[in-house]
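Going by the working numbering, the sequence shown opens with residue 682, and the numbers climb by one from there.
I should point out that these hints are in silico values taken from the structure, not numbers from a laboratory.
Quick reminder that beta carbons are idealized off the backbone N, C-alpha and C, glycines included.
Among the hints, a few may not be true.
[As the list claims (entries may be wrong)] Pair ranges (Cβ atoms, derived):
id, residue 1, residue 2, range
1, 803, 737, 18 to 28 Å
2, 783, 806, 32 to 42 Å
3, 809, 780, 32 to 42 Å
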Amino acid sequence: MLVYHAFRVDSTLFFFHRQEFRIFSRIIIKKSESSAWAVSEAVASGECDRGILICGTGIGIGIAASKVKGTRVCTCSDVYSAELSKRHNNSNILTMGARVVGVDLAKMIATHWLSAEFEGGRHQRRIDMITAIENGEEL
């Protein structure tokens, strides 16, 4: 039996299914660790602005996604952390756990994360340091 979950945030349709790889409004949604690389590559290359990945807990898929240079992955199960991950850390991939958050909470988390904007300023220094570490530079 195939299970689909779909919801809409503004004009962006989010579509979850194990075998689907959909891009809507330059945001990718995908489920399973096997797709973490594809979504991470699309975000890191600039093909997509952000990605949302879902697995059982959100942790395994987040670890896999974070291995691609240029990704800043956050695993969130609450709205506050999701929003601040974008505002303060400029996260570009959100992961959630299907066994951790329900569909309505996942919608709220995604909505707040997608509508949040990076604040820059003192937070940009952190991003620059993370990028330097990623590039193998000394701090």
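Status of each hint after checking the structure:
1. 803 <-> 737: 18 to 28 Å: Given a distance of about 35 Å, which is not inside 18 to 28 Å, the answer is violated.
2. 783 <-> 806: 32 to 42 Å: Between residue 783 and residue 806, where Cβ atoms are some 37 Å apart, the hint holds.
3. 809 <-> 780: 32 to 42 Å: 36 Å, holds
Hint compliance for this structure: hint 1 alone is broken.
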